[in-house]
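Chemist: Chains as they are written, first to last, in our numbering: chain A, 1 to 343; chain B, 344 to 674.
Quick caveat, the hints were computed from the structure, so don't treat them as lab data. Everything numeric in this text was worked out from a predicted model, so none of it was measured. Worth double-checking, as some hints may not be accurate.
[Stated by the list, open to error] Straight line, CA to CA, 27 Å or less: simulated DSSO-like cross-link-like pairs of lysine-lysine:
#1 A:Lys166 / B:Lys611
#2 B:Lys433 / A:Lys279
#3 A:Lys279 / B:Lys402
#4 A:Lys101 / A:Lys166
#5 A:Lys166 / B:Lys402
#6 B:Lys402 / B:Lys433
[Unchecked claim] Looking from chain B toward chain A, a few residues come up when the C-beta cut is under 8 Å (computed):
#7 Asn398
#8 Ile531
#9 Asp556
#10 Val559
#11 Ser619
Cβ coordinates follow ideal geometry from the N, Cα and C atoms, glycine included.
Single-letter residue listing:
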Amino acid sequence: MSEAKTNPPLLELRGLEKRFELDKGFLETLRFKGGRITRERRQVHAVNSVSMTAEKGEVLCVVGESGCGKSTVARLVAGLLTPSAGEIHYDGERIDNRTRKAMMPLRSKMQMIFQNPYASLNPRMTIWQSLVEPVRHHNPQMSKGEVRDRVSDVMRSVGVDPSWSKRYPHEFSGGQRQRIAIARALTVDPEFIIADEPISALDVSIQAQVLNLMLEAREERGLTYLFITHDLSVVQHFGTRVAVLYLGAICELADTQTLFSNPKHPYTRALLSAVPQLKDDRPNHIRLKGEIPTPINLPKGCPFHSRCAYARDQCRMEQPKAVHQPDGSLVACHAVEEDWPRD
Amino acid sequence: MSLLSVSDLTVKFAMRDQTVTALHDISFDLAKGERLGIVGESGAGKSITGFSLMNLLSKPGYIDSGKILFEGQDIAGMNDAQMRGIRGNKMAMIFQDPMVTLNPVLTIGQQMVETLQAHRKLSRDEAEQIAIVKLREVYIPSPEERLNQYPHELSGGMRQRIIIAMALLLNPQLIIADEPTTALDVTIQADIMELLLELCQSNKVGLILITHDLGVVSQMTERTLVMYAGRIVEAGRTREIINDPQHPYTQGLINALPQQTLPGHRLKQIPGNMPSLTSIPVGCPFSPRCSYAVDHCRTTRPEPISYGTVRVACHEVNRLHNDTPDQEKQA
Ligand SMILES: Nc1ncnc2c1ncn2[C@@H]1O[C@H](COP(=O)(O)OP(=O)(O)OP(=O)(O)O)[C@@H](O)[C@H]1O
Ligand SMILES: Nc1ncnc2c1ncn2[C@@H]1O[C@H](COP(=O)(O)OP(=O)(O)OP(=O)(O)O)[C@@H](O)[C@H]1O
Ligand SMILES: [Mg+2]
Ligand SMILES: [Mg+2]
């Protein structure tokens, strides 16, 4: 127990921020306002002060609507983007300020599976070449036979048919390609997987195969996942903890079970109500009204106020802080904090 | 007259060393304003079906035989010039991958204006106004600013919403949507699905929705086709197919959903994989993965028969209905 306490979390994000410049050239930043030329830069505030941790063996899920910054968080953690502010720690060491070269030893431990299976495979390599390459790269000492066995094992377990080996990515359907991409990530035996919508493009039965595989990999090798998805039934099944992101900020962070049995933030509630139900065709979907704000002009106050049924003046003025709830969840909402009457 | 009537559609791929069949004798009708779902695992032939209906198959794929009647005209034999009046205009397709439709070097506005002006006599200003209205309909925030942005500057979900807006630009009769919301989060998905539903209902627009999300099919469509290895294995009213699936494959698809298993437990996956086109089993194509299969199933391919109100291609459907499936016995 005491040892577990002294161990740092495998992944820790501290006040992570990412802003993208919208205006690339100097001239684009010039504006004519009130009779004078001024210089004005517009930025996309993609990720705003995100702090969270993932313990070893955990499946930390990030959910939220399109454009809320999920992929940006994933790309920051994977070192594909540099944070504008904040820190990323991996296994107790700060990694966000490392050079590409200094990141290299981490590359095989940390694998990323992308949202878009079309982009992640080299179109000029056969499936076999794509799968063998990372194993060779990270394990120069392995014999040809060992490499072949490793790759064949993973292929079998992810449902990549051996007869696909000699073919090229364009010959496969979207789902088939994503399975190949997942196989590619697993071949180097990583300890941490950043998966950005890894199974969204897959059909239910392959989703089941891949989720079973990821569950097994977690049990057997203690794999840790940062799992980005918009499929809440998958989160409920697979996740240990969930961070709900809205406009780049965390609005609720809780154990999966707590989040699903007792969602607190109005946005979380709307999100849960929108899951399409199999058996009943009259969903009681909470429709969010109001204009969806853009991360270009971040609203003042609570980021969610423009679409929230409970918003009051305070919400329009003052950004709510993330507050710990008695059941351990973390919620950033004035209505929850001050217990305003809600249905 | 049906809006769309497909009969015995067979599609083949001429590969390097052999010719393979991707679709076998696909037949179905779609009434004006009707909504049809197509489900099945990856590689079942759903997208190939969608491409064929748009006459968009590219080499090495080709329509080998069969008819595709759209408003009574056979599309299957049309050339590109004839298709241009229909595709994008009367029939629109929303693809799985937004980057197939979006041109990376043009702004969103340029692409939308171009599409509109190709089919309608409109000034640039008029076209832009229509574009803005359509972008707002699919909940794109600040649409005026988006017109000047390039596809890569938008999130995956935003791009897909723009694709949907582009499909709606010319008020088509039929929308073929191939996994239109796969990349979207549930709230936007629910909104877009409601929007598509509204649009189809109020303007009597037909919809063919290709998806692997049975929840979406359940909420959006009136009828469903279940495809396996390039064939329709079950077809009927969506409600009946979801509530009381007849084909063991359809049952397997529904049982594999995370909702059907306790959190953290192994999901009930269908054993094995969809066969590739070069190795489709003889007999019933599903037989190697089917827990009900008997000898007969491995030698003779079942033809679709009517069972209650659905059509099912399964030899054992009667036995299946009297027996309790193995999975349920264990549960
Ligand atoms: N390179 C970039 N330049 C400018 N803006 C960007 C860039 N990359 C992302 N953005 C913006 O940052 C915000 C967050 O994007 P991100 O891709 O992280 O969203 P997401 O939550 O993954 O969405 P989705 O569910 O659609 O994939 C969006 O508003 C997006 O337009
Ligand atoms: N250009 C091609 N050459 C050869 N085979 C192809 C080609 N395109 C598709 N196929 C094959 O045709 C079959 C059907 O593919 P299709 O894209 O229709 O599947 P799908 O049901 O849409 O799957 P997904 O859910 O993954 O999108 C697959 O076995 C696929 O490998
Ligand atoms: Mg994303
Ligand atoms: Mg497809």
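Chemist: Against this structure, judge whether each hint is valid.
Modeler: Hint check:
Of the pairs offered as hints, the one joining Lys166 of chain A and Lys611 of chain B is violated, with about 31 Å between alpha carbons and a cut-off of 27 Å exceeded. For the hint linking Lys433 of chain B to Lys279 of chain A, the alpha-carbon distance of about 33 Å lies beyond 27 Å, and the restraint is violated. Straight-line distance between C-alpha atoms of Lys279 of chain A and Lys402 of chain B comes to about 41 Å, which puts the hinted pair past the 27 Å bound. A hinted pair counts as satisfied when its Cα atoms are at most 27 Å apart, and Lys101 of chain A with Lys166 of chain A does not qualify at roughly 33 Å.
Between the alpha carbons of Lys166 of chain A and Lys402 of chain B the distance comes to roughly 20 Å, so the proposed pair stays at or under 27 Å and holds. Annotation: proposed proximity of Lys402 of chain B to Lys433 of chain B holds, straight-line Cα distance about 24 Å (limit 27 Å). A distance limit of 8 Å between C-beta atoms decides the matter here; for Asn398 of chain B the minimum to chain A is near 20 Å, and the interface restraint is violated. A cut of 8 Å between beta carbons decides the hint on Ile531 of chain B: the least distance to chain A is about 5 Å, and the hint holds.
For Asp556 of chain B, the interface hint holds, the least distance from its beta-carbon to any beta-carbon of chain A being 7 Å, beneath 8 Å. Because the closest C-beta pair between Val559 of chain B and chain A is about 5 Å apart, less than 8 Å, the hint holds. With its C-beta approaching chain A no nearer than about 6 Å, Ser619 of chain B sits inside the 8 Å limit, and its interface hint holds.
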